[in-house]
Amino acid sequence: MPREILLHGAVGGYYFIAGVALVAELQDVLLQKFGVPPTVVAAFRSELESSATIVQPAQRPGVLEDPLDDEVLAVAAAANAAVHRQR
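Position in the sequence shown counted from 1, then plus 37, gives you the working numbering.
Derived from the structure by calculation, the hints contain no laboratory data. In this text, a Cβ means the ideal position worked out from N, Cα and C, and glycines have one as well. Keep in mind that the hints are not guaranteed to be accurate.
[Claimed, not checked] Listed next, with one range per pair, are the computed distances between beta-carbon atoms: (1) G72 to Q96: 33 to 43 Å; (2) N117 to Q69: 28 to 38 Å; (3) A119 to P75: 15 to 25 Å; (4) N117 to L63: 19 to 29 Å; (5) S87 to A118: 29 to 39 Å; (6) D103 to F71: 29 to 39 Å; (7) D103 to R82: 33 to 43 Å; (8) A61 to P98: 12 to 22 Å.
Given only the sequences and the hints, what does the whole structure look like? Please build it.
Encoded structure:
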């Protein structure tokens, strides 16, 4: 499924924005929590980074309990992302 999501985005289905810290966190979770082989994680990260705009937010809002949730908001703000209420 993640590959299909990346491919859909690559053909203009949507626009990916990711933060440096979030990509690193994803890599750690895939390796440590789920035991995904390092070569698979490296390939996935490479695809993600080639199809996304990677930003390094200058500021973090500090409004949520989880620092990584703050990172998501900071990435969205740094990329001037549009926000909607759909889930």
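Against the structure, the hints:
1. G72 to Q96: 33 to 43 Å: For G72 and Q96 the Cβ distance comes to about 35 Å; the hint holds.
2. N117 to Q69: 28 to 38 Å: holds, 33 Å
3. A119 to P75: 15 to 25 Å: violated, 35 Å
4. N117 to L63: 19 to 29 Å: Holds - the Cβ-Cβ distance for N117 and L63, about 22 Å, lies within 19 to 29 Å.
5. S87 to A118: 29 to 39 Å: For S87 and A118 the Cβ distance comes to about 19 Å; the hint is violated.
6. D103 to F71: 29 to 39 Å: With Cβ atoms ~19 Å apart, the hint is violated.
7. D103 to R82: 33 to 43 Å: violated, 22 Å
8. A61 to P98: 12 to 22 Å: 20 Å Cβ-Cβ, so the 12 to 22 Å window holds.
Violated hints for the displayed structure, listed by number in ascending order: 3, 5, 6 and 7.
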